[in-house]
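Q: Single-letter residue listing:
Protein chains: 2
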Amino acid sequence: MRKSYLYNEIADNIADKIKSGVLKAGEKLPSVRNLSREHGISINTAKRIFLELEARSLIWSKPQSGYYINSVSYLKLPLAEASQPIPIANTREPDLLMNDIYSTMRRKDLTLFSIGVPSGTLLPSAKLKKEIQLATRNLQDGGTDYEPLQGNVKLRRMIAARSLAWEGNLKDDDIVTTNGCMNALSLCLMALTKPGDTIALESPCYSGILQLAVSLGLKVLEIDTHPITGIEIDALKKLLPEINVCLLVPSFNTPLGYCMPDNNKKEIVSLLSEHNIPLIEDDTYGDLHFDAKRPKCCKSFDKDGNVLWCGSVSKTLAPGFRVGWVAPGRYKEQILKLKLIHSISSNSLINEAIGNFLLTGKYENHLRNLRRTLQENYQKYASAIATYFPAGTKVSRPQGGLALWIEFPKHVDTEKLYNQALKHHISISPGKIFTLQEQFQNCMRLCIGLPWTDDLELKLKQLGHLAKLN
Amino acid sequence: MRKSYLYNEIADNIADKIKSGVLKAGEKLPSVRNLSREHGISINTAKRIFLELEARSLIWSKPQSGYYINSVSYLKLPLAEASQPIPIANTREPDLLMNDIYSTMRRKDLTLFSIGVPSGTLLPSAKLKKEIQLATRNLQDGGTDYEPLQGNVKLRRMIAARSLAWEGNLKDDDIVTTNGCMNALSLCLMALTKPGDTIALESPCYSGILQLAVSLGLKVLEIDTHPITGIEIDALKKLLPEINVCLLVPSFNTPLGYCMPDNNKKEIVSLLSEHNIPLIEDDTYGDLHFDAKRPKCCKSFDKDGNVLWCGSVSKTLAPGFRVGWVAPGRYKEQILKLKLIHSISSNSLINEAIGNFLLTGKYENHLRNLRRTLQENYQKYASAIATYFPAGTKVSRPQGGLALWIEFPKHVDTEKLYNQALKHHISISPGKIFTLQEQFQNCMRLCIGLPWTDDLELKLKQLGHLAKLN
Numbered sequence: 001m002r003k004s005y006l007y008n009e010i011a012d013n014i015a016d017k018i019k020s021g022v023l024k025a026g027e028k029l030p031s032v033r034n035l036s037r038e039h040g041i042s043i044n045t046a047k048r049i050f051l052e053l054e055a056r057s058l059i060w061s062k063p064q065s066g067y068y069i070n071s072v073s074y075l076k077l078p079l080a081e082a083s084q085p086i087p088i089a090n091t092r093e094p095d096l097l098m099n100d101i102y103s104t105m106r107r108k109d110l111t112l113f114s115i116g117v118p119s120g121t122l123l124p125s126a127k128l129k130k131e132i133q134l135a136t137r138n139l140q141d142g143g144t145d146y147e148p149l150q151g152n153v154k155l156r157r158m159i160a161a162r163s164l165a166w167e168g169n170l171k172d173d174d175i176v177t178t179n180g181c182m183n184a185l186s187l188c189l190m191a192l193t194k195p196g197d198t199i200a201l202e203s204p205c206y207s208g209i210l211q212l213a214v215s216l217g218l219k220v221l222e223i224d225t226h227p228i229t230g231i232e233i234d235a236l237k238k239l240l241p242e243i244n245v246c247l248l249v250p251s252f253n254t255p256l257g258y259c260m261p262d263n264n265k266k267e268i269v270s271l272l273s274e275h276n277i278p279l280i281e282d283d284t285y286g287d288l289h290f291d292a293k294r295p296k297c298c299k300s301f302d303k304d305g306n307v308l309w310c311g312s313v314s315k316t317l318a319p320g321f322r323v324g325w326v327a328p329g330r331y332k333e334q335i336l337k338l339k340l341i342h343s344i345s346s347n348s349l350i351n352e353a354i355g356n357f358l359l360t361g362k363y364e365n366h367l368r369n370l371r372r373t374l375q376e377n378y379q380k381y382a383s384a385i386a387t388y389f390p391a392g393t394k395v396s397r398p399q400g401g402l403a404l405w406i407e408f409p410k411h412v413d414t415e416k417l418y419n420q421a422l423k424h425h426i427s428i429s430p431g432k433i434f435t436l437q438e439q440f441q442n443c444m445r446l447c448i449g450l451p452w453t454d455d456l457e458l459k460l461k462q463l464g465h466l467a468k469l470n
Numbered sequence: 001m002r003k004s005y006l007y008n009e010i011a012d013n014i015a016d017k018i019k020s021g022v023l024k025a026g027e028k029l030p031s032v033r034n035l036s037r038e039h040g041i042s043i044n045t046a047k048r049i050f051l052e053l054e055a056r057s058l059i060w061s062k063p064q065s066g067y068y069i070n071s072v073s074y075l076k077l078p079l080a081e082a083s084q085p086i087p088i089a090n091t092r093e094p095d096l097l098m099n100d101i102y103s104t105m106r107r108k109d110l111t112l113f114s115i116g117v118p119s120g121t122l123l124p125s126a127k128l129k130k131e132i133q134l135a136t137r138n139l140q141d142g143g144t145d146y147e148p149l150q151g152n153v154k155l156r157r158m159i160a161a162r163s164l165a166w167e168g169n170l171k172d173d174d175i176v177t178t179n180g181c182m183n184a185l186s187l188c189l190m191a192l193t194k195p196g197d198t199i200a201l202e203s204p205c206y207s208g209i210l211q212l213a214v215s216l217g218l219k220v221l222e223i224d225t226h227p228i229t230g231i232e233i234d235a236l237k238k239l240l241p242e243i244n245v246c247l248l249v250p251s252f253n254t255p256l257g258y259c260m261p262d263n264n265k266k267e268i269v270s271l272l273s274e275h276n277i278p279l280i281e282d283d284t285y286g287d288l289h290f291d292a293k294r295p296k297c298c299k300s301f302d303k304d305g306n307v308l309w310c311g312s313v314s315k316t317l318a319p320g321f322r323v324g325w326v327a328p329g330r331y332k333e334q335i336l337k338l339k340l341i342h343s344i345s346s347n348s349l350i351n352e353a354i355g356n357f358l359l360t361g362k363y364e365n366h367l368r369n370l371r372r373t374l375q376e377n378y379q380k381y382a383s384a385i386a387t388y389f390p391a392g393t394k395v396s397r398p399q400g401g402l403a404l405w406i407e408f409p410k411h412v413d414t415e416k417l418y419n420q421a422l423k424h425h426i427s428i429s430p431g432k433i434f435t436l437q438e439q440f441q442n443c444m445r446l447c448i449g450l451p452w453t454d455d456l457e458l459k460l461k462q463l464g465h466l467a468k469l470n
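Going down the list, the sequences are from chains A and B.
Just so we're aligned: 55 in the UniProt record's numbering is position 55 of the first sequence, and the numbers increase by one with no gaps anywhere.
Just so we're aligned: 122 in the UniProt record's numbering is position 122 of the second sequence, and the numbers increase by one with no gaps anywhere.
With a straight-line Cα cutoff of 27 Å, these simulated DSSO-like cross-link-like pairs (lysine-lysine) come out:
hint : chain 1 : residue 1 : chain 2 : residue 2
1    : A       : Lys130    : B       : Lys130
2    : B       : Lys130    : A       : Lys154
3    : A       : Lys332    : B       : Lys219
4    : A       : Lys171    : B       : Lys108
5    : B       : Lys337    : A       : Lys416
6    : A       : Lys194    : B       : Lys194
7    : B       : Lys194    : A       : Lys337
8    : B       : Lys362    : A       : Lys130
9    : B       : Lys337    : A       : Lys194
10   : B       : Lys332    : A       : Lys194
11   : B       : Lys219    : A       : Lys337
12   : B       : Lys194    : A       : Lys219
13   : B       : Lys154    : A       : Lys130
14   : B       : Lys130    : A       : Lys362
15   : A       : Lys17     : A       : Lys380
16   : B       : Lys266    : B       : Lys237
17   : B       : Lys219    : A       : Lys194
18   : B       : Lys332    : A       : Lys219
19   : B       : Lys461    : B       : Lys423
20   : A       : Lys332    : B       : Lys194
21   : A       : Lys219    : B       : Lys219
22   : B       : Lys332    : A       : Lys108
23   : A       : Lys337    : B       : Lys108
24   : A       : Lys76     : A       : Lys62
25   : A       : Lys154    : B       : Lys127
26   : B       : Lys108    : A       : Lys154
Reference excerpt, derived from the structure (chain B facing chain A, CB under 8 Å, subset only):
hint : residue
27   : Tyr102
28   : Gln133
29   : Thr136
30   : Asn179
31   : Asn183
32   : Ser215
33   : Gly320
34   : Phe321
35   : Leu340
36   : Ser343
37   : Ser345
38   : Asn347
Keep in mind the hints are simulated off the structure, nothing from the lab.
Ideal placement from N, C-alpha and C gives every residue a C-beta, glycine not left out.
Please construct the entire structure, taking both the sequences and the accompanying hints into account.
A: So this is what it looks like as structure tokens:
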């Protein structure tokens, strides 16, 4: 145990020096033998440290020579600004642009920076096919009968088991399965609100959540949000008397990618509980952490069942399968009732297959690869942005997840850029769809879940060029 | 073509004589040779007529002797009465008994007369398993990616093709897939109503629909309903000014099982269109006709897109798969928008598998067997009721579907009966859950989708006995 502590510590130490510029791009690192002598560790541990740094794209290996430090100039890109939305609840219709963008998402001729899920090539389709075939054989009725209202037991047990990693300590009885994460959020909002109620959201906020809230007749209060730490607690405190429900995406949020620090999560849970405001936590990106450790959730700090924790496999495994869940705390009965009324049950066969996939460890294997790919992608995208985009472009610093948030110089109109880019077979998500207010007209979200290729780099170069023409 | 017209005509003619008592129980029918001579038809056609009548359980074959007429004493059971609900919109919470009943539905120790779907043994699980395995191989991404918002093309094409049988003339673009039929109804109501609106429903009405309406904040207006012809048009006319939306289950309704005559369907469509009241048609039992012909739908008479026709495979194929659809007429955009917001898409893999099942004709084969079984069951259940239930018991006369509606003498309390029956491992659906008013306290629904066995007959005998003790 002590050895791995040392291994992480040393790797982090070197990583910090690289990021801060103490160790410069192009510099050669000590040999494996020297590193092992320097720190009094085994050759194997030294090798592991280098592999870890290589995995983080901080160093690269030149055959018969040694390890060299990567360029991390992108880390010098300025940080996107914290948002300052107007603290007045809004009932405006979400921008219709969202529908346009959604309609382009199946076009094979586009480079889809606008999607919100990993590219299919990064997902284990073959293994999932096998899992489904197994489930059809093993489920007694082939999955044709209704499953228990709370949902497939195996899947719930696995979600509960995985919650130990973030100190959730859930039991399978605490969980209700749903048809994907949006469906979980939808059930939560229908259970907890009535038309005219006010919902507090981060800003920028995933457009699907804005649409859901407005369609349920809710007034939307967008709260100041910092690109590294998330929603500003002081801003939230001032508006508490108006708020009926709060919905946050605190771990690797789209589009900002921050991971709200544990202390903030704890404070918000406590604050909302004190004021009897239910907290809906969308943790659908929680497994996509770039660091080794799975972050805690707000639910980890939930003492009185006031946090409804939602998740799914849509961002990590299979968007089309519609497999999600919620641990609704003290609101479980209301959630079950609505699930019964609106859709009776989830799909038993698919949920059983996903449950098995989680059980056999294939999910965790897949996640390790996916996380690594996403982190490498982030660094490559950011390097391309540093190289090709207009001077003064700011970015987010995602610590996980699928998104990169770009803030162009103020004169760049990203709705205009969206239309220009489409003519060049590139699709982006303009900032205005992530708010109901007049904000983010110079911002955009890019999906980092596309496999990195030379062509992708060319497309980013083209995007940068188009932005410069603005 | 003319021959089969003759064959049906002759079979129907004999059937009528049996039902009306002109041909008496126990009587011997003419031989095949005599029948062929009598009507100037071939021996084969004459044989077919006898097979058809045997399939309808009206005659039975005694080896080396000939065909004899079955007892159809159940046909002498008095008809259940037309309902006369109070014509005032109601916002009362549905009876909690519904939740109790739902919670018993997976118990293996109960004879579940309370379920609303065919028993698993009557469903083609093995064939469906194969179909899913095929779909996992053939779907390009194994079904992991989101499908088009409108839903799987193959499934929609097949639903459209099948609509020709009821003169629906739908195209695949007219259809949107959903997660089962309740989900289709839910989307329709969310698109067309707001809390405080009034919905007109048949009475008795499936409890799931009552719960859905109340949960959406709607006021429920229950309309007089006749057990053979369905909703009373005059009663509906009087209340039109108050009604915002109408939801009917006009073909093999649960729990009454009637098939609304075509003229009535046509008149209602016209009436509601004139008054700009959308009509949601739940056609989920439409394929379960006892007669040879698939009935027309209200949608068949829809001239201006005011009818939203909903269906699913939950009552005919696989309840657990959550495969449904709606042809929303002129309300398609609203439906699509809500589908996107609340659940993004349906499950591509499962929908593809069901689409294939329909394409290859396996569905129609299966339906033929299922219909035959349900019709035979109806006759057996009804005979048992005529034999074992209290004098004065009335029943519905289902022309299709899964339900039989029993009306006991007025002093019998079916909620009490429900509790007594549970102690004897029998589960029923008491009448009170099919209304929000004080009605049907002496009524109950039985599911005729359970395979007929001696034990089942014993259970019916027991039920009759318990009712007599009341």
